[in-house]
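A.B. asks: Residues per chain are reported as follows:
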Amino acid sequence: MPLALALLQLFNVAAPGIAELVIMIRKKDGTIAIIPMLDEADKKFDSNIKQAIEWLQAHPKAPTV
Amino acid sequence: MRRAYLALPLLLLSCGDSDLQKVAKGLQIAAESVGTLQTTVIEANKLALLTEDETRTTLEICVEINKAGKDAVAVTRGLVALDSTSKSQILTILTPVIKSVDAAVGRSMLIKNEDTRAKIRTILLTIQSALNSVQLIVGVT
Chain A
87 MPLALALLQL FNVAAPGIAE LVIMIRKKDG TIAIIPMLDE ADKKFDSNIK
137 QAIEWLQAHP KAPTV
Chain B
102 MRRAYLALPL LLLSCGDSDL QKVAKGLQIA AESVGTLQTT VIEANKLALL
152 TEDETRTTLE ICVEINKAGK DAVAVTRGLV ALDSTSKSQI LTILTPVIKS
202 VDAAVGRSML IKNEDTRAKI RTILLTIQSA LNSVQLIVGV T
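Protein chains in written order, with this note's numbering: chain A, 87 to 151; chain B, 102 to 242.
A hint or two may mislead.
As the list claims (entries may be wrong) - Listed next, the in silico DMTMM-like pairs over lysine to aspartate or glutamate satisfying Cα-Cα at most 25 Å (straight line):
#, chain 1, residue 1, chain 2, residue 2
1, A, K147, B, E153
2, B, K213, A, E126
3, B, K171, A, D125
4, A, K136, B, E155
The hints are simulated quantities; they were obtained by calculation from the structure and are not laboratory data.
Construct all of the structure, not just a fragment, from the sequences and the given hints.
C.D. replies: Given below as structure tokens:
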């Protein structure tokens, strides 16, 4: 119960950024880590795009006659 | 004040939605697998095991998946739990690329070199499976 009260106080203080706070709490208790997973995916998607675009630019489609 | 006490466990319970975790994991697996696919086709092309056209087509699909993946990540990032709006947004983003991946799986049968065909098909099936798992979660409203 004291923990719930403490959390409630935190939520009340941080009302505008409540979603971020919940995510932080969940990361801390080790049960979930959505943001790091999404960060990793996002970075990988970026590097994939870079790699694919580089190859596609270096190998343009031959013009059809 | 009593209302606020009641709201807290409800809020925390709603965060226990592991579907969000599964979506994030699915996107992460898709990102890694697309990276592997790209490197595989580029290397196969260098070794003349894959034509320029086959490589180009696959990489164009990869770009499509990567862009959709980034869009899905952007939608998912701000969520505490999946609601019907975010599910519908993710579904709209992923549906066209899932069709492209399905088509690529079919086309991969035409790759002449057996080892290359097997490698590419395996990776494509992993991507397909990762995207399908996300689709399955967000497809339920």
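A.B. asks: All the hints need checking, so say for each whether the structure fits it.
C.D. replies: Structure-based check of each hint:
1. A C-alpha spacing of about 8 Å is found between K147 (chain A) and E153 (chain B), which places the hinted pair at or below 25 Å, so the restraint holds.
2. For the hint pairing K213 (chain B) with E126 (chain A), the CA-to-CA distance comes to about 34 Å; that exceeds 25 Å, so the pair is violated.
3. In summary, the hint linking K171 (chain B) to D125 (chain A) is supported, as the alpha carbons are separated by about 10 Å, within the 25 Å threshold.
4. Taking the CA atoms of K136 (chain A) and E155 (chain B), the gap is about 19 Å. The hint holds against a cut of 25 Å.
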